[in-house]
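So the sequence lines, in the order shown, correspond to chains A and B.
Position 137, counted from 1, in the first sequence is what the working numbering calls 137; the numbers after and before it change by one each time, with no gaps.
Position 186, counted from 1, in the second sequence is what the working numbering calls 186; the numbers after and before it change by one each time, with no gaps.
Since the hints were made in silico from the structure, they are not lab data.
Honestly, I wouldn't trust all of these hints.
It does not matter which identical chain is meant; a pair holds if it fits inside one copy or across any two.
[Stated by the list, open to error] In silico SDA-like cross-links for lysine to any residue, where the CA-CA straight-line distance does not exceed 20 Å: (1) Lys-50 x Arg-118; (2) Lys-120 x Phe-107; (3) Lys-50 x Ser-166; (4) Lys-131 x Ala-51; (5) Lys-74 x Thr-106; (6) Lys-42 x Pro-128; (7) Lys-131 x Glu-56; (8) Lys-168 x Phe-37; (9) Lys-120 x Gly-108; (10) Lys-50 x Phe-40; (11) Lys-50 x Asp-123; (12) Lys-74 x Trp-84; (13) Lys-120 x Arg-105; (14) Lys-120 x Phe-9; (15) Lys-168 x Ala-192.
Below, each chain spelled out in residue letters.
Number of protein chains: 2
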Amino acid sequence: MTEVNLTYFDTDGGRAEPLRLLLHIGGIEFTDTRISFTDFGKLRGNYPLKAVPVVEIDGVSYTQTNAMCRYFGKQTGLYPSDPWQGYLCDEIMETVEDAIHFIVRTFGLKDDALLQARQKLVDDRLVPYLKMLAERLDQAGGVYFTGTDFSVADLKMFVWIQGLRSGKLEHIPADLVASVAPTLAEHADRVAAHSGVAGYYANRD
Amino acid sequence: MTEVNLTYFDTDGGRAEPLRLLLHIGGIEFTDTRISFTDFGKLRGNYPLKAVPVVEIDGVSYTQTNAMCRYFGKQTGLYPSDPWQGYLCDEIMETVEDAIHFIVRTFGLKDDALLQARQKLVDDRLVPYLKMLAERLDQAGGVYFTGTDFSVADLKMFVWIQGLRSGKLEHIPADLVASVAPTLAEHADRVAAHSGVAGYYANRD
Numbered sequence: 001m002t003e004v005n006l007t008y009f010d011t012d013g014g015r016a017e018p019l020r021l022l023l024h025i026g027g028i029e030f031t032d033t034r035i036s037f038t039d040f041g042k043l044r045g046n047y048p049l050k051a052v053p054v055v056e057i058d059g060v061s062y063t064q065t066n067a068m069c070r071y072f073g074k075q076t077g078l079y080p081s082d083p084w085q086g087y088l089c090d091e092i093m094e095t096v097e098d099a100i101h102f103i104v105r106t107f108g109l110k111d112d113a114l115l116q117a118r119q120k121l122v123d124d125r126l127v128p129y130l131k132m133l134a135e136r137l138d139q140a141g142g143v144y145f146t147g148t149d150f151s152v153a154d155l156k157m158f159v160w161i162q163g164l165r166s167g168k169l170e171h172i173p174a175d176l177v178a179s180v181a182p183t184l185a186e187h188a189d190r191v192a193a194h195s196g197v198a199g200y201y202a203n204r205d
Numbered sequence: 001m002t003e004v005n006l007t008y009f010d011t012d013g014g015r016a017e018p019l020r021l022l023l024h025i026g027g028i029e030f031t032d033t034r035i036s037f038t039d040f041g042k043l044r045g046n047y048p049l050k051a052v053p054v055v056e057i058d059g060v061s062y063t064q065t066n067a068m069c070r071y072f073g074k075q076t077g078l079y080p081s082d083p084w085q086g087y088l089c090d091e092i093m094e095t096v097e098d099a100i101h102f103i104v105r106t107f108g109l110k111d112d113a114l115l116q117a118r119q120k121l122v123d124d125r126l127v128p129y130l131k132m133l134a135e136r137l138d139q140a141g142g143v144y145f146t147g148t149d150f151s152v153a154d155l156k157m158f159v160w161i162q163g164l165r166s167g168k169l170e171h172i173p174a175d176l177v178a179s180v181a182p183t184l185a186e187h188a189d190r191v192a193a194h195s196g197v198a199g200y201y202a203n204r205d
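Whenever a hint applies, use it, and build me the whole structure from the sequences.
Shown next, in the form of structure tokens:
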């Protein structure tokens with residue numbers, strides 16, 4: 001029996017959440033280790049890239065949750081077996097990861113510097129990214145990102161879009177997604193209502 | 001017959017180069033479209049994420065070269081069919097992509113701001129990343145990143161390491177890789193000598 005331990009911050013979002021959802025929906029038991037920012041300062045020296053998420057499998061630490069989602073997705077039917085559908089799934093996951101990098105760049109800024117960086121982020125990155133992703137959803141038929149089958153691309157998008165809609169990112173309007181790419185907001189609502197996703201949040205301690 | 005057109009800057013490096021090498025080695029014909037920075041300014045509005053690389057397949061534009069490398073890698077034997085080997089390949093490719101994001105963040109800075117950002121980049125990111133990647137190579141047996149078979153992970157690492165060793169990135173010492181992770185420098189030399197890679201550069205116009 002493989003032991004899986006996923007370490008991340010104590011938030012129902014961010015880079016670990018798609019993998020948490022995938023493991024839960026796929027029925028793979030794992031330890032959901034949640035650390036505080038203080039813990040992170042003490043522990044990061046032990047992590048392979050001095051960052052979280054970290055996934056330990058039988059005691060060995062691995063990185064890159066998109067890669068882990070792909071690996072566990074293949075085991076649980078949440079990653080397409082067809083190579084082109086796999087490409088479409090990957091393009092979505094990697095585009096979201098790209099966008100997260102651009103968002104993280106603006107963390108730690110303050111006052112006017114934060115305002116300017118966030119406005120540039122919205123105009124130069126988030127708006128084109130949201131439009132492209134909405135187009136991909138449309139090309140896939142409008143329901144899920146790889147067609148009729150629910151996949152990890154839907155989980156990745158759901159977590160990211162919910163974060164954008166939370167209003168917690170200063171100067172990123174909570175209605176940005178609804179105004180620029182309403183089909184992505186509808187998609188996130190669809191994923192939230194998926195029995196595996198809804199069941200997970202209903203039973204979170 | 002599928003028509004593939006890869007658009008990127010006119011450099012034998014960066015984000016397009018692993019895919020160029022993979023397509024060449026895998027025997028997949030493609031148009032290698034190289035644009036100037038001036039062209040980019042005029043054309044970027046047409047690209048899905050306002051960025052390059054862009055891959056057109058039969059006239060439709062797609063993004064994310066790691067995803068494309070995986071797709072074409074599956075067709076050409078340059079991506080592992082075993083899911084765990086696939087994970088190991090993906091972890092390497094995504095870790096390099098992460099590192100590229102951190103490097104790109106320092107572009108456009110000048111003078112003392114550039115010096116400070118590059119020193120922080122080396123200490124906080126590049127050194128731990130290089131050490132982790134050297135450990136992965138060691139765990140895989142020391143020759144190629146997914147074991148005995150040459151894969152797209154080796155191409156991705158090769159292009160990135162050659163860039164770091166070029167000395168073209170100010171304040172990133174050209175001998176950083178050799179001093180922090182000598183096995184990665186040896187790996188890049190090994191890939192450079194691979195018949196497909198050496199043949200490609202010998203015949204580049």
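Against the structure, the hints come out as follows:
Proximity of Lys-50 and Arg-118 under a CA criterion of 20 Å is satisfied inter-copy only: 18 Å between copies versus 26 Å inside one chain copy. When the C-alpha separation of Lys-120 and Phe-107 is checked against a cutoff of 20 Å, the pair qualifies both within a copy, at 14 Å, and between copies, at 16 Å. Taking the closest pair of Cα atoms, Lys-50 and Ser-166 never come within 20 Å of each other, the shortest separation being 28 Å inside a single copy and 26 Å across copies. In this assembly of identical chains, the alpha carbons of Lys-131 and Ala-51 lie at most 20 Å apart only when taken from different copies (14 Å versus 30 Å within one copy).
Taking the closest pair of Cα atoms, Lys-74 and Thr-106 never come within 20 Å of each other, the shortest separation being 34 Å inside a single copy and 36 Å across copies. Only between protomers do Lys-42 and Pro-128 lie at most 20 Å apart by alpha-carbon distance; the minimum there is 16 Å, versus 38 Å within a single protomer. Taking the shortest alpha-carbon separations for Lys-131 and Glu-56, only the inter-copy value of 18 Å comes in at or below 20 Å, while the best intra-copy value is 36 Å. For the homomeric pair Lys-168 and Phe-37, the shortest alpha-carbon distance inside one copy (18 Å) is at most 20 Å, but the shortest distance between copies (36 Å) is not.
For the homomeric pair Lys-120 and Gly-108, the shortest alpha-carbon distances inside one copy (16 Å) and between copies (15 Å) are both at most 20 Å. Taking the closest pair of Cα atoms, Lys-50 and Phe-40 come within 20 Å of each other only inside a single copy of the chain (9 Å); across copies the shortest separation is 35 Å, beyond that limit. Proximity of Lys-50 and Asp-123 under a CA criterion of 20 Å is satisfied inter-copy only: 11 Å between copies versus 31 Å inside one chain copy. For the homomeric pair Lys-74 and Trp-84, the shortest alpha-carbon distances inside one copy (15 Å) and between copies (10 Å) are both at most 20 Å.
In this homomeric assembly, Lys-120 and Arg-105 come within 20 Å of each other (Cα to Cα) both inside a single copy, at 12 Å, and across copies, at 14 Å. For a Cα distance limit of 20 Å, the shortest separation of Lys-120 from Phe-9 qualifies neither inside one copy, at 27 Å, nor across copies, at 24 Å. In this assembly of identical chains, Lys-168 and Ala-192 lie within 20 Å of each other by CA distance solely inside one copy; the values are 19 Å within and 47 Å between copies.
This entry does not satisfy hints 3, 5 and 14, going by the numbered hints stated previously.
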